[in-house]
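J.: Protein chains in written order, with numbering that gives the first Met the number 0: chain X, 0 to 279; chain R, 0 to 304; chain A, 0 to 354.
Keep in mind that the hints are not guaranteed to be accurate.
Claimed, not checked - Taking lysine to any residue and the SDA-like style, the derived pairs with C-alpha atoms no more than 25 Å apart in a straight line are:
(1) R:K112 - X:G120
(2) A:K186 - A:R105
(3) A:K29 - A:K321
(4) X:K204 - R:I109
(5) A:K347 - A:Q301
(6) A:K132 - R:K107
(7) A:K96 - R:D193
(8) A:K234 - A:E126
(9) X:K15 - A:K186
(10) X:K15 - R:I114
(11) A:K132 - R:E194
(12) X:K191 - R:P24
(13) A:K353 - A:A292
(14) A:K103 - R:G205
(15) R:K104 - A:I104
(16) A:K306 - A:K321
(17) A:K103 - R:D193
(18) A:K310 - A:S278
(19) A:K186 - A:Q211
(20) A:K96 - R:W286
(21) R:K104 - X:K204
(22) X:K15 - A:T55
(23) A:K353 - A:Q196
(24) R:K290 - A:S93
(25) R:K107 - A:I17
(26) R:K290 - X:G120
(27) A:K293 - A:R328
(28) X:K15 - A:I246
(29) A:K103 - R:I109
(30) A:K306 - A:N270
(31) A:K76 - R:I109
(32) A:K347 - A:K186
(33) A:K234 - A:T266
(34) A:K245 - A:L219
(35) A:K260 - A:L219
(36) A:K76 - R:P24
Hints listed in this document are in silico derivations from the structure and should not be mistaken for laboratory results.
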Amino acid sequence: MALLQKSKPNFRKLLKIAPLILGVLALFFIYFPIFWLILLSFSAEPLTGVPGGWHFDWYIDMVYGADRREGEAFVGDFQLKEPLIKSISIATLTSVLCIISAVLVGRVLPNMKHQGLLLFGFLVPLMVPGIVVGMAMFLFFRIGLGIKMGTWSLALAHFVWAFPFCLLVILVVVSRLDQRVLEAARDLGASKIQTFFQIELPIIKPGIFAAGFFGFLLSFNELPFSIFMRKGDMTLPIYLWIQSGAHNSSVPLIFALSTIITLISMLITYLIVRLGFKNG
Amino acid sequence: MEILSSKVFILKVTSMDLKKYNRYPIVLFALSWLALVILPLLVVVMMSFLKTKGIRIKWDWGFYSYMKMIQFGGNDVVFQTIRIGLTVTLINFLIAFPFAFWLAKTLKNISFKLIIFTALTVPFFLSPVSRVIVWRSILGLDGLLNNFFLNIGLVDQPIEWLIFSEFAVHLGLMAQYFPSMVWPLYLSLSLIDDETIEASLDLGAGILRTTIYVILPLALPGVVAGVIFCLVPMLGDAVIPQQMGGGNILTISHSLSNYIGSRSYVLGAAIASIVLLVLIILIIILWFVFKPYGGLGKVFGQMRQ
Amino acid sequence: MNQPLLTVRNVSHQFGNIVALDKVSISAKKGEFLTLLGESGSGKTTLLRIIAGLETPTYVETITLSNEDITNHPPDKRNCTTVFQSYALFPHMSVFKNIEYGLKIRGFNESDRRTRVENVLELVRLEGFGNRKPSELSGGQKQRVALARAIVTEPAILLFDEPLGALDERLRLDMQVELKELHERLKVTFIYVTHSQEEALTMSDRIILMRQGKIEQEGLPHELFDRPKSSFTAKFMGTENIFEGKILSQQGTKCIVGINKNEINATWHGNQTLKPGTSVFIAIRAERVNLNAKENEGNSFQGKVSKTIYKGKYSDHYIQSKFGELKSRIWDKSTFEKNDICFSLNEKDVIVMKN
Chain X
0 MALLQKSKPN FRKLLKIAPL ILGVLALFFI YFPIFWLILL SFSAEPLTGV
50 PGGWHFDWYI DMVYGADRRE GEAFVGDFQL KEPLIKSISI ATLTSVLCII
100 SAVLVGRVLP NMKHQGLLLF GFLVPLMVPG IVVGMAMFLF FRIGLGIKMG
150 TWSLALAHFV WAFPFCLLVI LVVVSRLDQR VLEAARDLGA SKIQTFFQIE
200 LPIIKPGIFA AGFFGFLLSF NELPFSIFMR KGDMTLPIYL WIQSGAHNSS
250 VPLIFALSTI ITLISMLITY LIVRLGFKNG
Chain R
0 MEILSSKVFI LKVTSMDLKK YNRYPIVLFA LSWLALVILP LLVVVMMSFL
50 KTKGIRIKWD WGFYSYMKMI QFGGNDVVFQ TIRIGLTVTL INFLIAFPFA
100 FWLAKTLKNI SFKLIIFTAL TVPFFLSPVS RVIVWRSILG LDGLLNNFFL
150 NIGLVDQPIE WLIFSEFAVH LGLMAQYFPS MVWPLYLSLS LIDDETIEAS
200 LDLGAGILRT TIYVILPLAL PGVVAGVIFC LVPMLGDAVI PQQMGGGNIL
250 TISHSLSNYI GSRSYVLGAA IASIVLLVLI ILIIILWFVF KPYGGLGKVF
300 GQMRQ
Chain A
0 MNQPLLTVRN VSHQFGNIVA LDKVSISAKK GEFLTLLGES GSGKTTLLRI
50 IAGLETPTYV ETITLSNEDI TNHPPDKRNC TTVFQSYALF PHMSVFKNIE
100 YGLKIRGFNE SDRRTRVENV LELVRLEGFG NRKPSELSGG QKQRVALARA
150 IVTEPAILLF DEPLGALDER LRLDMQVELK ELHERLKVTF IYVTHSQEEA
200 LTMSDRIILM RQGKIEQEGL PHELFDRPKS SFTAKFMGTE NIFEGKILSQ
250 QGTKCIVGIN KNEINATWHG NQTLKPGTSV FIAIRAERVN LNAKENEGNS
300 FQGKVSKTIY KGKYSDHYIQ SKFGELKSRI WDKSTFEKND ICFSLNEKDV
350 IVMKN
């Protein structure tokens, strides 16, 4: 007899869904190209923008070189190995440096006096365009101080770029750590060093892993800084950047490579976010 | 003997301030950071007021480089870039604000939230090239959209302005910097107590008024931060304007690479300083906005999410 | 015109799989102080929020306020305001602006607003606080600003969501008195949610005791206190002694209940007839146990004092008797040299309950 009443009129329900639709739309513009990229990397004629004719050729070419396939007009100067190795080594170095300094800074920052100002200073690379900081550092070191660029400058640039992210991650993890647990350890007799390695470190380990991966990914994929801070060094993103500017036939291979990088990056990021969420 | 040593122990335990970590490492680091990052930026600003003779720098202060930049048409580029930047930032804000609110207050399902968080984090780590090269094949004369429109008979000829145009640049920038706008908004909106919003509704204010009088003021720090993280990097974006604008849309990054490439360092410094100026203005605004909340430090203390 | 001001008919609400309210109906009269009493999870806060419009019930028949059907109205369109447990003051506005907010929405002009805000500030004894910010106020002061803000719009009903929960005891007791006085002055209907039975007894005109989404008992304070209908109500209202027994005979309000082969004269307030042999509970307040009984008085029994706990204002004596352990609360300094005592119970103080 009594009716089930929908107490809110439909307009309000619509209002609830609208933001989601908007956001999804915006995200769509980010992810559709990626999705398309993946499709095209498996396609026969990627440059036309139409997927189809599925095959792994581009991937094979990427690994073995384009000359493997005879009769094809695809002769690209696609020398992957060198930039790849360079990118991996710099990224690893950056990642390690970032972890160490982020932990160092992140543990202490919440207790410092001018933490707001300090944190702000550390986040500068996020606020200033990459090329501006890159250019500034280049001018400072090369022109101002007369120091020549080299691999060191590239690594430095990557470090500066990745550090803010890693710091933020560590800060989040550290802020969840209850200081009283550490006090209990000291109270029971552990020294400062023991407390750090036996109690604190294990607790913030997930954050450290996350920061490490983030640092690696950020360095591996970094472009604007690297353009300035190198001297002939070739990282993978730079290589791809140059290759993509040239309208030659190695472009399809770029698709394949970019797909792999993208998928791996997405997977790692998802795992880290999930880890971060599960822990708090 | 025993009593003495236990007394000493107690003294040791009580006198150690567990919160006083060894300050030296971080101070050292902060100083190096200052030298490596902040200092160069300051030097750049300083440099922009200098004169050059060829590639040598003369210690002559003035606005020469800026005037030279205007001569080269640099100011047009700057204005264009700022215009594009402001437009895209505004669009991003209008989309991101309700979205961030929905994410912070309405969404309860955790798995869904996780997926969205990931979706909002991944773009930071992707290679710029991967993101952008595909657009050509989607928006190009020969690309997906045009083929689709031709097939369904919407147009007779391929639409030219989809790629290598302002439209394309706007689209690319909007997509790329959308997460940078969402995150600060999300954080500051989630700090607003649910009951504060309910109280406004309870007192008779509708959704619109509640947003204007209660939600926006309280989320203002996040709004300004979002603008900073979104607008300023966008001004210097090197990849998107070049890839999606072809050679048609000239932005600050074009000019910068030109100047540096031709060794006109002071010009480069000048144009970079303008970007920094925008940043500084926004930071000052941010500082004022943060004041009622006890400054930046306190806000980070509250970030326990 | 004694029509109820507010009626809620048949509201049910679920959070996922958890049933918060199960077909509850209540009504509130104009000007009364109605308390929704219960433990956490009883549904009292949910009910309050549904009345305010802050929660949309899974199912409801109607909600009417001042003869208007507000079932589908959003919170901003209902003529009631809430005083939140966390105060929910707008942190970016001064005390004055917080209070005038509701008036601004309703379109009062500036001088009207000023007058009203100042009047209400005086009412809650915060004159001169207009320019302060919420962060500068103490808990009690914030509470009063929240109160002022809700009152100034002159709603038909004021809803209180455990407003005194965050205050310390002294302040809480003072505020209870203040709220009661305020209620008498304003003559507005108050609907008050609390888990404290003392608070409910102090302030209410009528109490609705809720349990797991249903109404357990409804009535005047002394009815719940002296005449609980169930052992849940009795326990909640602080009755310490509850025993199970069987009806031996019942006539009108007079009953004889048998527990462990002892007979007690008891009182039954219900309407039904209780057949001999029915299982019932009896409730006896600790304060009503008379420890200076003479041997042959009605309802007198032997017992042994096993433990005494001194609590300052009163002492609790635990008596082992033939129907179990009985707690007796005495407000004087009498102690007992001998352990064996004879205690008696006035039959009007022994309440029979069905469950």
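J.: If a hint holds in the structure, say so; if it doesn't, say that too.
T.: Hints and how they fare:
1. R:K112 - X:G120: violated (30 Å)
2. A:K186 - A:R105: holds (22 Å)
3. A:K29 - A:K321: Given that 25 Å is the threshold and the Cα spacing comes to 49 Å, the pair is violated.
4. X:K204 - R:I109: Roughly 23 Å separates the two Cα atoms, so the pair holds.
5. A:K347 - A:Q301: holds (20 Å)
6. A:K132 - R:K107: Violated, at roughly 32 Å.
7. A:K96 - R:D193: holds (20 Å)
8. A:K234 - A:E126: violated (43 Å)
9. X:K15 - A:K186: violated (39 Å)
10. X:K15 - R:I114: Answer holds: X:K15 to R:I114 is near 19 Å, not above 25 Å.
11. A:K132 - R:E194: Cα-Cα ~18 Å, so holds.
12. X:K191 - R:P24: The given pair, whose Cα atoms are some 15 Å apart, holds under the 25 Å limit.
13. A:K353 - A:A292: Roughly 29 Å between the alpha carbons, so the hint for A:K353 and A:A292 is violated.
14. A:K103 - R:G205: holds (12 Å)
15. R:K104 - A:I104: Measuring from Cα to Cα gives roughly 24 Å; hence the hint holds.
16. A:K306 - A:K321: Since the Cα atoms of A:K306 and A:K321 sit roughly 16 Å apart, the hinted pair holds (cutoff 25 Å).
17. A:K103 - R:D193: holds (22 Å)
18. A:K310 - A:S278: violated (35 Å)
19. A:K186 - A:Q211: violated (31 Å)
20. A:K96 - R:W286: Roughly 24 Å between the alpha carbons, so the hint for A:K96 and R:W286 holds.
21. R:K104 - X:K204: It is violated: about 30 Å lies between the C-alpha atoms, which goes past 25 Å.
22. X:K15 - A:T55: holds (14 Å)
23. A:K353 - A:Q196: holds (22 Å)
24. R:K290 - A:S93: holds (15 Å)
25. R:K107 - A:I17: holds (16 Å)
26. R:K290 - X:G120: holds (18 Å)
27. A:K293 - A:R328: The given pair, whose Cα atoms are some 19 Å apart, holds under the 25 Å limit.
28. X:K15 - A:I246: The hint is violated at about 59 Å.
29. A:K103 - R:I109: violated (38 Å)
30. A:K306 - A:N270: Not OK: A:K306 and A:N270 at ~39 Å, beyond 25 Å, violated.
31. A:K76 - R:I109: Violated - the C-alpha atoms of R:I109 and A:K76 are around 32 Å apart, more than 25 Å.
32. A:K347 - A:K186: Between A:K347 and A:K186 the Cα gap is close to 35 Å, so the pair fails against 25 Å, i.e. violated.
33. A:K234 - A:T266: holds (18 Å)
34. A:K245 - A:L219: violated (28 Å)
35. A:K260 - A:L219: violated (35 Å)
36. A:K76 - R:P24: violated (59 Å)
In the structure shown, a violation is registered for the earlier hints numbered 1, 3, 6, 8, 9, 13, 18, 19, 21, 28, 29, 30, 31, 32, 34, 35, 36, in ascending order.
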